[in-house]
Amino acid sequence: MSEEPRSPNADSSHLLEVTDLHVEFQTKTGPSRAVDGVSFYVDEGESLGIVGESGCGKSVTAMGILRLIASTGRIASGSVRLDGEELTELSNSQMRAIRGKKISMIMQDPMTALNPTFTIGYQVGEAMKIHEGVRGKSLLGRVLQLLRLVNIPAAERRVRDYPDQFSGGMRQRIAGAIGISTTPQVLICDEPTTALDVTIQAQYLELLKEVQEQTGVALVFITHDMGIVARMCERVAVMYAGRVVESGTTREVFRNPAHPYTISLLRCLPRLEGVERLESIDGQPPDPREMPPGCRFAPRCPKAQQQCHEAYPEFAPVSSGHHASCFFPGGW
Amino acid sequence: MNEAPPLLAVRGLKKYFPVTTGVVRRKVVGHVQAVDGTDFTIHQGDTFGLVGESGCGKTTLSRLLLLIETLTEGVIEFEGQDISRLDGDGLRDYRKAVQPVFQDPYSSLNPRMPVWEIITEPAIINQGLRKDRAKELAADLLERVGLNRNVLYRYPHQFSGGQRQRVAIARALSCEPKFLVLDEPVSALDVSIRAQIMNLLKDLQQRYNLTLFMIAHDLGVVRYMCETIAVMYLGQIVEMGPAELVYSNPLHPYTQALLASALPYDPDTKTERVVVRGEVPSPLNPPTGCRFHPRCPVAMPECSDVRPVFQELEPGHWVACYLY
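Those sequence lines, one after another, are chains G and W.
Each residue of the first sequence is one higher than the last, beginning at 1 in this note's numbering.
Each residue of the second sequence is one higher than the last, beginning at 333 in this note's numbering.
One chain only, chain G, in its complex shape (with noise of 0.2 Å):
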């Protein structure tokens, strides 16, 4: 996270850098702030985990990078910021030419990551095709390259083979073959293993990393899993009702938690050591159109004070590099 994180023009010789970015979408109950004020960047070569529950936006602010926010919704305000070209300024077409190839995005399911009517060579080759203007054998060449890249056996056989003719890990990797066709600068992975199981999950992680060491490429990862982050990422921003309440370097965030919801999300995770009993937060994250006055997480804080009621705390610094949206940091 950058040190000044709500001035807008802090430091733009970050490879990703997004400011205060709000996304809100309309609903028949009035607006609803998905992203309110999110803030993070990411350096060529290095791995950030965004991570938080379903509905604390996580997943809104990758699209919102990526400009493909639904048509209800839109980014209000904010700055995404990729190599020092500013995305939210640019036109559509303009956009496109940038998504696919400098900025790619590795989804969630790959039950429906993929197009069931194209083989999956077609798929694969799709973004060189339109973005690099690769044709015919050199074309094929590249993308039978990837899919060995990405250890699908017997590639060229396989090549033309349909998205359901594949495992789920499978096709995991093949949607992960089309996010880093292009060589992007940045590759942003939605819950990138929620569908694969245990064995898979650490083939595909590894693979992740080993394309990085060779491309240099800025990995996002989004997700819920503390394992994934504690296993790829060097920092991490956990995010919680639309906003980032915590960021810093992972082993920091891990060992010094300093938001109540980090250390009561690190506590309630069921370790393989066991415990006699886990401890959990009560309740439930507030409805985007009806968010709390204060701090988002006071309701649910066991810490909370008279003041997280009534004032949003301020995005602080903790220690070098890792700051905190708490008026009371710390354990308990």
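None of these hints come from the bench; they were simulated from the model.
These figures come from a predicted structure and were not determined experimentally.
Any given hint could turn out to be false.
Claimed, not checked - Sample of chain G residues at the chain W side, in silico, Cβ under 8 Å:
(1) L90
(2) V198
(3) T199
(4) G227
(5) L265
(6) L266
(7) L269
(8) R271
Glycine included, every Cβ here is placed at the ideal spot set by N, Cα and C.
Let chain G serve as the given structure and place chain W on it in line with the hints.
Chain W only, in chain G's frame:
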């Protein structure tokens, strides 16, 4: 283990699904060996956890226990009685005593029924409960699972995922069951809600002396909930034992691989590189011998010939592997 006779005993259980071709003249061309010879027992008050990857047959096994599927071969005994021979009152008693909780609380609750009706449907069917009594019962059950009594007339869409799973648990409790079959009861829920539901299940188990059979793929969840753990691979249980033993001293290479693949919640823990390659083979044409041998890092020639015997290596800790 326990001296008392087990509540549930399963011996040589098999379930094969026929695979057919042809539209008019159907021909059986093979069998999916979803469950292929499993033995285990569950004692009163225990929590038995079944782990394995998708397609390994764990859900089929749970459906056999619930009598949703009929078994191909083998015996399931509940309180000493063979459940496939039950009929009349015996069958009705079994269906009351054994209740399911399914994975997805969004699809397991009828969206057109108010909550009180959902919760008491089993009791109305099995015990012929009257409407006014049913509503009282529903209100009690809602309280027992930590929901407010006055939500009786709400519909499922008015609840969050965690609340829906509480409703599903209340429904399972409506017939005062002895045995709950839980198929991935928390995997559709958010992390913070998961702990709530697991703690609720633990509390209810203690209060009503329930026995739980739980399927999960999350090893942490199973560790937290279960005393006994069975690891299933392609229709067969490859390792079984007390949770501490299986986690601290996994014997089967597949169990070792599963535990090595689980991601620890600690950025400083360096886990080994992935040990298993490839994917689970098709249960339509499973490998001979030990079914794990094509992916096994320590496979030996004999592994591909004959299925290894399921043997007890230390008290209560069973494994099917030629290494031992």
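So, going through the hints one by one against the coordinates:
no.	hint	in the structure
1	L90	violated, 35 Å
2	V198	holds, 4 Å
3	T199	holds, 5 Å
4	G227	holds, 3 Å
5	L265	holds, 6 Å
6	L266	holds, 7 Å
7	L269	holds, 5 Å
8	R271	holds, 6 Å
When the structure is compared with the earlier hints, a violation turns up for hint 1 alone.
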